[in-house]
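Letter by letter, the chains look like this.
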Amino acid sequence: MRKVSGQMTAASAIRVLEALPTHERLILPCLQAIQHAFGFVPEETVDVVAGFLNVSRAEVVGVLTYYHDLRRMPPPAVVVGVCVAEACQASGVRSLIEQIEHDFGVRLGAGTGSGPVEFAKVYCLGNCALGPAIMVNGRLVGRCDIGRVRAAVVDAQVVPR
Amino acid sequence: MSVRVYVPGDSAACSVGADEVAARITEVAAAEGVTVEVIRNGSRGMLWLEPFVEVQTPAGRVGYGPVAPGDVEALIDSGMLEGVSHALGHGLVDEIPWLARQHRVSFARVGLADPLDMDDFRRLGGLIGLRRALAIPVEEVAADILASGLRGRGGAGFPAGIKWRTVLEAPGDTKYVCCNADEGDSGTFADRMLMEGDPFTLLEGMTIAGTTVGASIGLIYVRSEYPAAIRTLRTAVDIARVDGWLGPDVLGSGRSFDVRIVEGAGSYVCGEETAMLESLEGKRGMVRPKPPIPALQGLFGHPTLVHNVLTLSAVPAILADGAAAYQGLGVDRSRGTQVFQLAGNIARGGIVELAFGVSLRELVEDFGGATFSGRPIRAVQVGGPLGAYLPEHALDVAMDYEALAAAGGMLGHGGVVVFDDTVDMAAQARFAMEFCAVESCGKCTPCRIGSTRGVEVIDKITAGIDPERNLVLLEELCETMTDGSLCAMGGLTPLPVRSAVAHFGEDFHPSTNGQGKR
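For the protein sequence lines, the chains are Y and C, in the order given. For the first sequence, numbering that gives the first Met the number 0 gives the first residue as 0, with consecutive numbering after it. For the second sequence, numbering that gives the first Met the number 0 gives the first residue as 0, with consecutive numbering after it.
Calculated from the structure, these hints are not laboratory results. Please read these numbers as outputs of a predicted model, since none were measured by experiment. It cannot be assumed that every hint is accurate.
Claimed, not checked - For lysine-lysine, the following PhoX-like pairs were computed, each having C-alpha atoms within a straight-line distance of at most 25 Å:
no.: 1; chain 1: C; residue 1: K459; chain 2: C; residue 2: K282
no.: 2; chain 1: Y; residue 1: K120; chain 2: C; residue 2: K282
no.: 3; chain 1: C; residue 1: K289; chain 2: C; residue 2: K459
no.: 4; chain 1: C; residue 1: K289; chain 2: Y; residue 2: K120
As the list claims (entries may be wrong) - Here are some of the chain C residues that sit facing chain Y, going by a computed Cβ distance under 7 Å:
no.: 5; residue: S10
no.: 6; residue: Q55
no.: 7; residue: T56
no.: 8; residue: P57
no.: 9; residue: A58
no.: 10; residue: G59
no.: 11; residue: A264
no.: 12; residue: R283
no.: 13; residue: A342
no.: 14; residue: A346
no.: 15; residue: V416
no.: 16; residue: F418
For each residue, glycine too, the CB sits at the ideal point set by N, CA and C.
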């Protein structure tokens, strides 16, 4: 069963790659296209990318593990990026993080645990005059306190990605 | 007769409710039988007033903010759509001192119109610079850029005109223009606001650059944290192609230039120009040793003009109004304007574009209105995560490349982050090292290993473990990173660390247990 689904994944990955214009037939854009199609980069697509570009598997894995955005496992329903950079520190994100960790029972940057919401550290969302800032499934939220974080997470659970 | 209302579509404005406010205005006006035309403009940059609503009146545009969705009904009932004054009102927007005192060149059009309205762009002076550039010899365009005194706004401050001449004169049929929009420095958001608020100006600047140096392709490398900027730019490129100023025959000149938008994948060091080029080639964002310089061997080994968003966005005005006008602004070797970004714990944060030479105190106190928390300012970090922390008594420094360097800091991308007196500077120094450890590309040892050792040494100091000797060790480590790193990531991380130790040494004393003064 697992093998069959792996073959299906590989077959649809090839279709994704073949749809790319010539100038995007490079390792990173190929992996981004696969992540766009599957939500993450499934293990069995690594060889597909390597074969498609005629590069070694090591080169593909090197790029895959380098960039923070690329995922090797399916994403949870809600991903919250919490800006932990200087401007948000100045606006009180350190105490907001303590409240998030307490309220949601998570550790920032430690994946989802068992829950449906992942809280990740991000370094600057470009909203530095309206911090603390978070990004919830691609939506930027400014001037955050714990109430605004909770509300944004609830909204994201209602609206499909 | 319909009333024209502006509500910013900028993502900072939307992060505090601009979408909801825009929807509510349409709803309430319809219920009251008033026809409104809601235009989603760029942000004026007065971010503490967002969502900032503007109403077109015969006397000019009148502003209200910050407007919450719940305020809309009362505002409309009290006459907002006729520009009547109100507790949330700020009068005529052009007369608001915070804006009127600025000298906007790169940001001149941001906030005035729908960023994707080509007719408005032309009406407000768009494409004049490009037309002039296409009408004169390319050598003259490059000479104009040199004469304007424009220097790289990404942080390094290299004279732009010299880069243009180098790429123009470099042999080869294939050349590129790469715009670095990987704005990763905390405390900076000008690139994002310009890309969202006036994308055509950036595209015009790139087109002038490309047609001058002989490149037919331009690439804009935008960080993935800026999804709205990526969408806006992609639409803007499509519109410019249809309008005939991007593509095989730029404004009928016979010259070809097109732009592609490339999305990053989450890597701070890809804001370093050679790491960005590696990433544009689809590889890991590893820094390249220089030489060779990108102007001679850049993207895929071809001559490449690499500039930051703000550098390229200054170009159309230089061509349209003349190099002398731009050169006439500023001080010493810092010519023209700088887009400062006021951020962090600040009462009036946002975009302040001024000629070089304004003091940091004027920015932080006069424009910024000091801290948001109302507590005293203790430290100001200028130039992003790799910039120095300056103490309150050093705020009289002039904001230009050389004066800041002489004060032990750097201008960087123009970000200004304010901290109040609750900040723990040992924790900030530790964060600088931690950030470097997370984001280091790993190519050179001082950065890759030094940053991790730096975190450990600072932890020992604040824990009271042999602090005197560990402070000496930290200084030696900083020296090694400064002198031995391949790029600015490892080379400048010691700047915030050393400045924290130098100006806020009491926070590193074990008796305060790293808690700073409270």
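These are the hints, each one checked on the structure:
no. : hint              : result
1   : C:K459 <-> C:K282 : 37 Å, violated
2   : Y:K120 <-> C:K282 : 24 Å, holds
3   : C:K289 <-> C:K459 : 36 Å, violated
4   : C:K289 <-> Y:K120 : 32 Å, violated
5   : S10               : 5 Å, holds
6   : Q55               : 26 Å, violated
7   : T56               : 28 Å, violated
8   : P57               : 32 Å, violated
9   : A58               : 29 Å, violated
10  : G59               : 26 Å, violated
11  : A264              : 4 Å, holds
12  : R283              : 4 Å, holds
13  : A342              : 4 Å, holds
14  : A346              : 10 Å, violated
15  : V416              : 5 Å, holds
16  : F418              : 5 Å, holds
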